[in-house]
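Starting from the given sequences, assemble the full structure and let the hints guide the process.
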Amino acid sequence: EVQLVESGGGLVQPGGSLRLSCAASGFTFSSYEMNWVRQAPGKGLEWVSYISSSGSTIYYADSVKGRFTISRDNAKNSLYLQMNSLRAEDTAVYYCARVIRYYYGSGSYPYFDYWGQGTLVTVSS
Amino acid sequence: DIQLTQSPSFLSASVGDRVTITCRASQGISSYLAWYQQKPGKAPKLLIYAASTLQSGVPSRFSGSGSGTEFTLTISSLQPEDFATYYCQQLNSYLGDFTFGPGTKVDIK
Numbered sequence: 001e002v003q004l005v006e007s008g009g010g011l012v013q014p015g016g017s018l019r020l021s022c023a024a025s026g027f028t029f030s031s032y033e034m035n036w037v038r039q040a041p042g043k044g045l046e047w048v049s050y051i052s053s054s055g056s057t058i059y060y061a062d063s064v065k066g067r068f069t070i071s072r073d074n075a076k077n078s079l080y081l082q083m084n085s086l087r088a089e090d091t092a093v094y095y096c097a098r099v100i101r102y103y104y105g106s107g108s109y110p111y112f113d114y115w116g117q118g119t120l121v122t123v124s125s
Numbered sequence: 126d127i128q129l130t131q132s133p134s135f136l137s138a139s140v141g142d143r144v145t146i147t148c149r150a151s152q153g154i155s156s157y158l159a160w161y162q163q164k165p166g167k168a169p170k171l172l173i174y175a176a177s178t179l180q181s182g183v184p185s186r187f188s189g190s191g192s193g194t195e196f197t198l199t200i201s202s203l204q205p206e207d208f209a210t211y212y213c214q215q216l217n218s219y220l221g222d223f224t225f226g227p228g229t230k231v232d233i234k
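Respectively, the protein sequence lines represent chains S and B.
For the first sequence, counting from 1, position 80 maps to 80 in our numbering; every step adds exactly one.
For the second sequence, counting from 1, position 60 maps to 185 in our numbering; every step adds exactly one.
Calculated directly from the structure, the hints in this document are not laboratory data.
Hints are supplied without guarantee of correctness; some may be wrong.
What the hints assert, rightly or not - Covered stretches of chain B, going by a simulated chain S footprint (3 or more residues, C-beta under 8 angstroms): (1) 149-161; (2) 172-182; (3) 222-229.
Small disclaimer: the values here were computed from a predicted structure and weren't measured.
The beta carbon of each residue, even a glycine, is placed where N, CA and C say it ideally should be.
Listed below in structure tokens is the structure:
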């Protein structure tokens with residue numbers, strides 16, 4: 001059974017740092033692209049960051065670029081999000097999500113098939 | 126960046142109703158679109174990918190259509206468990222853009 005379990009959330013002061021983890025099990029973690037997605041209280045979903053299966057390709061949303069760093073340890077089946085210079089607007093539930101691809105002809109359609117339960121990050125003084 | 130809009134943002138419907146939600150992209154995205162359902166306090170659940178392909182295990186009352194800039198999610202006969210918020214998402218892994226739409230909340234009339 002595929003499982004994604006986030007941890008590391010909590011209360012942090014503005015300007016502070018936090019490191020989120022996502023422990024993966026039930027599948028070959030090293031073969032899958034992964035993402036972080038967040039949801040502020042009462043708001044919609046916001047994609048945060050993407051990392052390829054090898055870690056060689058990384059993307060960030062403009063709202064976190066330069067402050068957040070995504071990484072992975074395939075030997076430990078784990079995904080990470082290092083969050084620095086945190087702001088009140090970073091307050092949200094953070095989800096990790098797996099990418100799977102539907103292949104056709106010469107291309108593929110990616111989509112997020114499994115999600116963790118989320119971990120809450122609160123940035124407040 | 127590609128922007129997604131959804132309409133309506135809120136709809137009130139009854140069990141058995143046919144419900145249609147529209148997602149529009151600011152530029153063409155071919156069929157790189159997915160739909161998710163989210164219930165309060167829960168993680169999103171994938172319903173549709175590649176614009177019209179039903180995810181395994183999702184009831185057949187859900188369907189997706191469209192390509193380019195306009196997409197629809199249809200629930201043919203609304204069930205009590207379908208009251209939730211629905212999000213579209215465009216997935217352009219070549220540009221690193223995985224934007225979500227703002228969501229449509231489906232509530233009980």
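For each hint, the structure was consulted:
1. 149-161: Three-residue rule met by the segment 149-161 of chain B, so holds; n is 4.
2. 172-182: With 4 residues in contact (Cβ-Cβ under 8 angstroms with chain S), the coverage given for the segment 172-182 of chain B holds.
3. 222-229: Since three or more residues must qualify, the claim that chain S covers the segment 222-229 of chain B holds, with 7 doing so at under 8 angstroms.
Checked against the numbered hints listed earlier, the structure breaks none of them; every hint is satisfied.
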